[in-house]
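Just so you know, the protein sequences line up as chains A, B, C and D, in that order.
Residue 131 in the UniProt record's numbering sits at position 131 of the first sequence; the count goes up by one each step and never skips.
Residue 188 in the UniProt record's numbering sits at position 188 of the second sequence; the count goes up by one each step and never skips.
Residue 186 in the UniProt record's numbering sits at position 186 of the third sequence; the count goes up by one each step and never skips.
Residue 31 in the UniProt record's numbering sits at position 31 of the fourth sequence; the count goes up by one each step and never skips.
Derived by calculation from the structure, the hints in this document are not laboratory data.
Keep in mind the model is a prediction, meaning the values are calculated, not measured.
Just so you know, not all the hints are guaranteed correct.
If several chains are the same, the list does not tell them apart, and a pair holds so long as it fits within one copy or across any two.
[Claimed, not checked] Heads up, simulated DSSO-like pairs for lysine-lysine below, C-alpha to C-alpha not over 27 Å straight-line:
#1 K188 <-> K55
#2 K14 <-> K85
#3 K188 <-> K58
#4 K3 <-> K85
#5 K133 <-> K85
#6 K3 <-> K14
Protein chains: 4
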Amino acid sequence: MTKLRDKHHEFRIKTYEVIFGTDTPAGRYFDIALIYAILLSVAAVILDSVEAISKEYKLTFQTIEWFFTSLFTIEYIIRLYCCPKPWRYARSFYGLVDLLSVLPSYFALFITQANFLIIIRLFRVLRIFRILKLMRYLGEANILMRSILLSRRKIFVFLISVMVLVTIFGSLMYLIEGPQNGFTSIPKSIYWSIVTITTVGYGDITPQTILGQALSSLIMITGYAIIAVPTGIITAELAVELRREKVIHGCHNCGRAGHDRDAQHCKFCGAKLATHR
Amino acid sequence: MTKLRDKHHEFRIKTYEVIFGTDTPAGRYFDIALIYAILLSVAAVILDSVEAISKEYKLTFQTIEWFFTSLFTIEYIIRLYCCPKPWRYARSFYGLVDLLSVLPSYFALFITQANFLIIIRLFRVLRIFRILKLMRYLGEANILMRSILLSRRKIFVFLISVMVLVTIFGSLMYLIEGPQNGFTSIPKSIYWSIVTITTVGYGDITPQTILGQALSSLIMITGYAIIAVPTGIITAELAVELRREKVIHGCHNCGRAGHDRDAQHCKFCGAKLATHR
Amino acid sequence: MTKLRDKHHEFRIKTYEVIFGTDTPAGRYFDIALIYAILLSVAAVILDSVEAISKEYKLTFQTIEWFFTSLFTIEYIIRLYCCPKPWRYARSFYGLVDLLSVLPSYFALFITQANFLIIIRLFRVLRIFRILKLMRYLGEANILMRSILLSRRKIFVFLISVMVLVTIFGSLMYLIEGPQNGFTSIPKSIYWSIVTITTVGYGDITPQTILGQALSSLIMITGYAIIAVPTGIITAELAVELRREKVIHGCHNCGRAGHDRDAQHCKFCGAKLATHR
Amino acid sequence: MTKLRDKHHEFRIKTYEVIFGTDTPAGRYFDIALIYAILLSVAAVILDSVEAISKEYKLTFQTIEWFFTSLFTIEYIIRLYCCPKPWRYARSFYGLVDLLSVLPSYFALFITQANFLIIIRLFRVLRIFRILKLMRYLGEANILMRSILLSRRKIFVFLISVMVLVTIFGSLMYLIEGPQNGFTSIPKSIYWSIVTITTVGYGDITPQTILGQALSSLIMITGYAIIAVPTGIITAELAVELRREKVIHGCHNCGRAGHDRDAQHCKFCGAKLATHR
Chain A
1 MTKLRDKHHE
11 FRIKTYEVIF
21 GTDTPAGRYF
31 DIALIYAILL
41 SVAAVILDSV
51 EAISKEYKLT
61 FQTIEWFFTS
71 LFTIEYIIRL
81 YCCPKPWRYA
91 RSFYGLVDLL
101 SVLPSYFALF
111 ITQANFLIII
121 RLFRVLRIFR
131 ILKLMRYLGE
141 ANILMRSILL
151 SRRKIFVFLI
161 SVMVLVTIFG
171 SLMYLIEGPQ
181 NGFTSIPKSI
191 YWSIVTITTV
201 GYGDITPQTI
211 LGQALSSLIM
221 ITGYAIIAVP
231 TGIITAELAV
241 ELRREKVIHG
251 CHNCGRAGHD
261 RDAQHCKFCG
271 AKLATHR
Chain B
1 MTKLRDKHHE
11 FRIKTYEVIF
21 GTDTPAGRYF
31 DIALIYAILL
41 SVAAVILDSV
51 EAISKEYKLT
61 FQTIEWFFTS
71 LFTIEYIIRL
81 YCCPKPWRYA
91 RSFYGLVDLL
101 SVLPSYFALF
111 ITQANFLIII
121 RLFRVLRIFR
131 ILKLMRYLGE
141 ANILMRSILL
151 SRRKIFVFLI
161 SVMVLVTIFG
171 SLMYLIEGPQ
181 NGFTSIPKSI
191 YWSIVTITTV
201 GYGDITPQTI
211 LGQALSSLIM
221 ITGYAIIAVP
231 TGIITAELAV
241 ELRREKVIHG
251 CHNCGRAGHD
261 RDAQHCKFCG
271 AKLATHR
Chain C
1 MTKLRDKHHE
11 FRIKTYEVIF
21 GTDTPAGRYF
31 DIALIYAILL
41 SVAAVILDSV
51 EAISKEYKLT
61 FQTIEWFFTS
71 LFTIEYIIRL
81 YCCPKPWRYA
91 RSFYGLVDLL
101 SVLPSYFALF
111 ITQANFLIII
121 RLFRVLRIFR
131 ILKLMRYLGE
141 ANILMRSILL
151 SRRKIFVFLI
161 SVMVLVTIFG
171 SLMYLIEGPQ
181 NGFTSIPKSI
191 YWSIVTITTV
201 GYGDITPQTI
211 LGQALSSLIM
221 ITGYAIIAVP
231 TGIITAELAV
241 ELRREKVIHG
251 CHNCGRAGHD
261 RDAQHCKFCG
271 AKLATHR
Chain D
1 MTKLRDKHHE
11 FRIKTYEVIF
21 GTDTPAGRYF
31 DIALIYAILL
41 SVAAVILDSV
51 EAISKEYKLT
61 FQTIEWFFTS
71 LFTIEYIIRL
81 YCCPKPWRYA
91 RSFYGLVDLL
101 SVLPSYFALF
111 ITQANFLIII
121 RLFRVLRIFR
131 ILKLMRYLGE
141 ANILMRSILL
151 SRRKIFVFLI
161 SVMVLVTIFG
171 SLMYLIEGPQ
181 NGFTSIPKSI
191 YWSIVTITTV
201 GYGDITPQTI
211 LGQALSSLIM
221 ITGYAIIAVP
231 TGIITAELAV
241 ELRREKVIHG
251 CHNCGRAGHD
261 RDAQHCKFCG
271 AKLATHR
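Looking at chain A on its own, in the form it has when it is part of the complex (with noise of 0.2 Å):
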């Protein structure tokens, strides 16, 4: 009895490794495998939505539909099953989008109405977001992350003032410009202040008077020269942020550090360094 508990036991072990953990072979092609399967779900759902395709071939659309939804199904029961606190992993953001991106699909069998069933299935596209939890194992992303992480409060700060010139711009033009030539009214003004000042520029509403034509030329100045921030911002941190990688990316045989992030040996002893990336 005991014996099998303990089988049970490693066996969830076992599976926990290859479905959670990115270490093992097997868990890296699990995690491969499933980042296809991912993409090809999506791209049905993505071609289903060409009104010539879908009236095509819906049959071929709902047999994939309810292949990945099995499938998907099928993988987050054995990500409950073999995962030490299934509770925590079911109310943590990835397990939430585990689960979203299979509910669509059973919802849509018990709504009969037409809009909201499109709306339904539509949801299914948020699958994609499965895709960043994979990307995880990546140390690129890490560094990435951690550098605008790091410098959250500072983008946060730089947003806020734009969002404070673009209210002011907007009204402004609002007040030059007026609802004859297209800004009927702030909110569509802020529309057009942020569309100019991330040099967008749609060209849907455009500034017919000259006053108009001077003041927009200030707000795409004023876009064009701080856009320069965010960048600033990131740049100093990730530079920080890749010595510091350069710095922990230490030799295996004599323990010392600062190898460039492309040598192959290290420099003070010649033993081959391990590809850290």
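Take the given structure of chain A and dock chains B, C and D to it, following the hints.
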């Protein structure tokens, strides 16, 4: 009598700490409450400009407006009362912004001309400038502000160069394309040049001749290459600021500095570091 | 007999040095002449596509075309002849590009279908890729290339994240705006998302609903903020490369390194430094 | 006689100091007055191109024009007179710009053809180039200029690569979209490619086919990613320049260097530092 005066004096100082200070909990709560009040009142002004909403809820918006005007008027009077040098505060940039955020509503009472009334009432949106004042207590805002201040002369030189380029490109395009293709005057051509060099690209005016398209291509590539300049300036300054921030951040136990910005313990004595950020 | 073979062998080596090498003056002149030949032949292909010009100078273009095709064919044969490992060269990337730059003209002889003929002839424009090969001997190109190669994984992670964002934003906009506002399918919505997040902003499809404009604003600001990420990556890598370049650049007299990149004399012994750049 | 010559010589040197120099107060005042004169005369040329204004104030503009032309002519003659090597000045870049800023007005006297007259008169706008010369005495302009000069070869390599990419993308789009969707020739397709890769995005030509939109997405993302390259180049160079600026900036009392750029006192001996910037 003296006791009363002392008590009064003490009360003024306490009020000052709450309203102007950011170090005490009360001061912080006051600032946060003020930020919400400002955002709500600005949101009301913005929504009021949407005709459909404005017609429906006319009375609601008037009530909201007078509620916030009263609130900010009282706040302004208290600020004048508790400030040791009221006249200096009143003439300062933020003092003027505080005053300007209530004046339009009172002016609006004495104005009967509809057109002018709209303009006056829109000035209430300038209240959002007060948000910037309240951001001062964020350390991040200071670092960003200092980097921008230190590089203001370089950015000024850069902007002058852009202006010279834009004037010459605009005049050339006026010559090449002429009024028949939308380049009706040099100011308009300069406006188009700014739209192009900042990579906004509305598309309301576009070159039609081959020569014009060739010159536009040159302008775009110039804009694409020189956007690097402000970015480089800000980045280089920020990198210096960030390095200094790291050096300053010393351990409270052993006094030694040089800790990484995400360090939680002193790397020399292991003491818990004060959470600076 | 051996003497003849030796002479022949010597001739092959000399030809190799001229055609493949960049160290001898002859090798450099050959490369520069080749660059002009490539640019002229590509310019001819490009001008040939302008209907008005093409009709007028049909014969001229045919003559130019066959002149350059012969030239590049001879060059290709000489390359095969003088290369020590001809097969290896023929299969290399640049060997294939060299072959592809002459093949379309010969294929065009056997094709009678007008439509397909145009396509085949346009492939001649790919010759311009050969310019990239000839840029290899510029030290700057190597530094830039190495920075980009070193950061290719980080840029890959960044692009995947952008793709995930763009898919989700596109699907949401398809839901919000729907086919009646130009968002006819998810692929088209994703196309619009890319146009917006990269701040291109054609304006061929623009959001019409208030919710759509609000979400667009979010996408634009996201794009505006995350453009900082690739910039930060490249800048940080380039800074490392530039610092290394400085360290390598040693004095030919005393051997000591660490000179500034614009130094003309060794700062230790005063000897004239080799002009490296 | 010698005395008179000496006095005359002295006068020439003094005039030279005022007109060419920037170290004496008189030299500075002269430069500032000149900047205003240039800006006003350019503003007059620009406003003169607006038809409504030009018609109304024809005489005023003519008076202004001749006033500034006389002023700049006198200035040019004085420059020639007081310069030790007049011929060298006359042939220098800025000497030619100085001459070109007065010539068009005189040429206009001899021209009767209206069309050509407009062109000649517009060349007066080139006067604005003189502003660049007067900016030389700003330390910031020198640092920026040096960074750009040091990285000019890298930026050149980058621009060539962009050109190659743009030619290939343009030809492919011409193949895919064809004349019926606005891509009437390869030059026009290349123009569209530049509009897209620099993220300008006018929207005057947009891809209509699915394949075209897919390729456009690729071009946009390429443009979005490679804008990082010039930024990285300039930033890395600027960082080096800024560090050198810091090192040079030494204390006048103890001679030790390494002070921060916003330091007001020497950190070693406490002496007041010269305000360098």
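Checked hints:
1. K188 <-> K55: Intra 37 Å, inter 17 Å, cutoff 27 Å: inter-copy only.
2. K14 <-> K85: within (15 Å within a copy, 51 Å between copies)
3. K188 <-> K58: Cα proximity of K188 and K58: across copies only (20 Å, versus 40 Å in one copy).
4. K3 <-> K85: within (23 Å within a copy, 65 Å between copies)
5. K133 <-> K85: Only inside one copy: K133 and K85 sit 18 Å apart there, 47 Å across copies, limit 27 Å.
6. K3 <-> K14: Classified as within: same-chain Cα gap 16 Å, cross-chain 72 Å, threshold 27 Å.
Every hint, counting from the list given before, is met by this structure.
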